[in-house]
Amino acid sequence: MNKAFLRLWMGTAMALCALAIHAEEAQLDKWPSGLADDQAALQRGAHTFATYCLNCHSANLMRWSRLHDIGLSDQQIKSELIFGDQRVTETMTIAMDRHDAKNWFGKTPPDLSVIIRARNTVEHGGADYVYTLLRGFYRDRSTQTGWNNVVYPSISMPHIFWQLQGPRELTLTRNEFEDVADSNGTTHSQLVQTVSMFDSDGKVKVTHTPLDHGSTGSFYQFKSLDPAAATAVNAQVADLVAFLDWMSEPTATIRHRIGMVAILYLFGFIAVGYWLNKVFWRDVH
Amino acid sequence: MGLHQTRYTGLMGWFDARMPSAMAAFRQHMSEYYAPKNFNFWYFFGSFALVVLVIQIFSGIFLAMHYKPDSAQAFWSVEFIMREVQGGWFIRYMHSTGASFFFIVVYLHMYRGMLYGSYRKPRELVWLIGWMIFAALMAESFFGYLLPWGQMSYWGAQVIINLFDTIPKIGPDLSTWIRGDFVIGDATLNRFFSLHVIAVPLVLIGLVAAHIFALHDVGSNNPDGIEIKDRLGPDGRPLDGIPFHPYYTVHDLYGLGYFFLAYCAVLFFAPEMGGVFLEGNNFIPADPFQTPSHIAPLWYFTPFYSILRATTSEFMYWIGFCAVFLGVLIYLRLQRRALRWFVAAGTFVMFCLMTVHNLRDLVDARLWGVFLMGMSVIVIALLPWLDCSPVKSIRYRPNWHKVLLGIFVAAFLILGYLGMLPPNPGRTLLAQICTAYYFGFFFLMPWWSRMGVFKPVPDRVTLAHART
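In the order they appear, the protein sequences are chains E and C.
Each residue of the first sequence is one higher than the last, beginning at 1 in the numbering used here.
Each residue of the second sequence is one higher than the last, beginning at 1 in the numbering used here.
These are computed hints drawn from the structure, not numbers from a lab.
For each residue, glycine too, the CB sits at the ideal point set by N, CA and C.
Do not take every clue at face value.
When the alpha-carbon atoms are kept at most 20 Å apart in a straight line, the in silico SDA-like pairs for lysine to any residue are as follows [what the hints assert, rightly or not]:
1. E:K278 to C:I205
2. C:K37 to E:K30
3. E:K278 to C:T249
4. E:K278 to C:K229
5. E:K278 to C:W42
6. C:K37 to E:Q39
7. E:K278 to C:L256
8. E:K278 to C:R112
9. C:K229 to E:H285
10. E:K30 to C:T249
11. C:K229 to E:K30
From the derived model, a few chain E residues whose C-beta atoms are all more than 10 Å from chain C [said to hold, decoys possible]:
12. A40
13. N60
14. L61
15. V114
16. T121
17. D182
18. D212
19. A228
20. P250
21. T251
22. L266
23. N277
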């Protein structure tokens, strides 16, 4: 009986894998997750957050004093991170009015307290998404802010790190099926590769090439004109994402620590349970 | 005024003399309840379900101390529990992980019943009450899932309540009445809170008690599917029975260690379970003006949700012909003329409603989807009467019965998986095939379950070490 079942389960598993592979996945860079418990990186991220993000975005659930957990003292928080007259026992609110923000940007910038968790999906991790998004801005003259984004097309948010990052060029390749009319007037579906080359000024050159075979999808490639600056920004964004990740669940560290104790305890529990079971069931035949 | 004659001494004796029913209940349900001695792995899940119920009630009490059922505060109060309440994250994850584990455990418990025919005579009521627990559990989790007031909470509830809209005539008014508003709002949140923390839990506890009473009246089934009460020893006790306490209390305690290992591994190291137990979208506050691009219910509803989505108007033609096939089979089984007429007329009406174009405007595919989704849950309750196999346990049934059951499990899992994904034509077709199998498995059971060569059932239970 077990063999027949096993075969069916395996078949199911394989069918599910085949389906899962078919799912379309955005091309995301991996955030270096080792930074998650690197206190220096978290502190650098906190500085970047307070300087660059916490003007348009709030973190209403985050108390300043909680930054003790990543090794910052009240003195440091007050002198280095709080720019207004807030006290360390308050939460990270902002002065910008929601309605003004909506008028200015077309959309109220979301609160960032749990943003990493909010961007988690079954397909990708929220940290990878935000890490790619913050580094995925390119100049595009067709948008209102003059910036566009490879993972979030027509994003309302402008590029915050543009001065630090230096000029970059982008090659965006998209393979799609298009309806093409041939000489005798009938239309048919044809795989077309569209390559858009954005220069550092946001001017775009587009080429269309029909493909005989291949698959649909989109790919992008950045070329930095100031590689040293771009690398520095990569590191800075990685630290920032580490901070955002920590902020979305500040209790995660203690959770893991208690979890280890709980698992160890349960191994003991199982050992005692095994022994008890054996002793009590000795006389059952 | 004499005291009850007690068999205990000391404090226990003092207590028993004044309230003999307490110890009598303990004896009836624990120390002198005889359970078959050949329970295997699958028999853990009933006890586990009881433990999860206790976890949910316990953690729920503490959550309700800090949670605010107010549409302006609900989302933030949950995050407040996660951050500012001492140990709040632990209580919250206990509850959210417990909800998913409740369904894992209950599904496995139900599968056990299907493996060994535990719903067969005389245990029909045990199964029926168990099915009611399952239905109450679904209601409980549906109400509870609105409470965090995230995007998925909001839009998931929206989709489910809108299902009532499909009912002709009264539908729209009915769904407004359920919501207490024209959209899901504060009124909905408050009533769902009330239903979640008091109404349904009371029903659940009552049903669980009834489930156990009904079981202990008829006695437990076992992996061999034979009645241990048929073979009594000279002392009047079943030869193959052992007292539940201490044998199975100790045994379940040991099994509970493994259960808690899995539960804690998720709770402490993957409470989101990769976005399946806690969905990313639910960390965004509910926004009535922004519909998420993809709405899916939580994983434990997705098999049924898949059936709802698979029911397209093209699929109804197939369902119509399947209904005729089933109608003919039933017709041929019946002897009484009146019943035959009734079945023939019923089949004809169903076929017309499903396939004739004009009638399908009256009863559209959406309504049939809701109907089939409801049926897919209800049909589980009918198992005791659908299964006509001469033996209870899968062990003594023909091998191809095991294959049918295996495919059924595969179809159920595939439906569940598809329900989490956005639909596309290939996935819809696969879901339709699985839906057809799901219903075919149940509705044709009165025929297929009698067929084949059955193995001889032993007189006495077999123990694992004796079998191999």
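Hint check: K278 (chain E) vs W42 (chain C), CA-CA at most 20 Å. Holds or violated? holds (19 Å)
So if I understand the rule, the pair passes when the alpha-carbon distance is 20 Å or less; does K278 (chain E) with I205 (chain C) pass? The hint is violated at about 33 Å.
Beyond 10 Å from each Cβ of chain C, as asserted for A228 (chain E): holds (35 Å)
Grab the minimum beta-carbon distance between L61 (chain E) and chain C and tell me whether it stays above 10 Å. violated (5 Å)
Does the structure keep K278 (chain E) and L256 (chain C) at a Cα separation of 20 Å or less? Holds. K278 (chain E) to L256 (chain C) sits at ~15 Å (cutoff 20 Å).
Given the proposed pairing of K278 (chain E) with T249 (chain C), does the C-alpha separation stay at or below 20 Å? Satisfied, since the Cα-Cα distance of roughly 13 Å is no more than 20 Å.
K30 (chain E) and T249 (chain C): Cα distance at most 20 Å? Violated - the C-alpha atoms of T249 (chain C) and K30 (chain E) are around 48 Å apart, more than 20 Å.
Is the nearest Cβ of chain C still more than 10 Å from the Cβ of L266 (chain E)? violated (5 Å)
If you draw a straight line from the CA of K37 (chain C) to the CA of Q39 (chain E), is it 20 Å or shorter? violated (56 Å)
Status of the stated non-contact between N60 (chain E) and chain C (beta carbon gap over 10 Å): violated (8 Å)
Is the claim that A40 (chain E) lies outside the interface with chain C correct, judged by CB distances over 10 Å? holds (24 Å)
Please check whether the beta-carbon of N277 (chain E) is more than 10 Å away from every beta-carbon in chain C. Non-interface label on N277 (chain E) violated, nearest chain C Cβ at 4 Å vs cutoff 10 Å.
Checked against the numbered hints listed earlier, the structure breaks hints 1, 2, 4, 6, 8, 10, 11, 13, 14, 15, 16, 20, 21, 22, 23; every other hint is satisfied.
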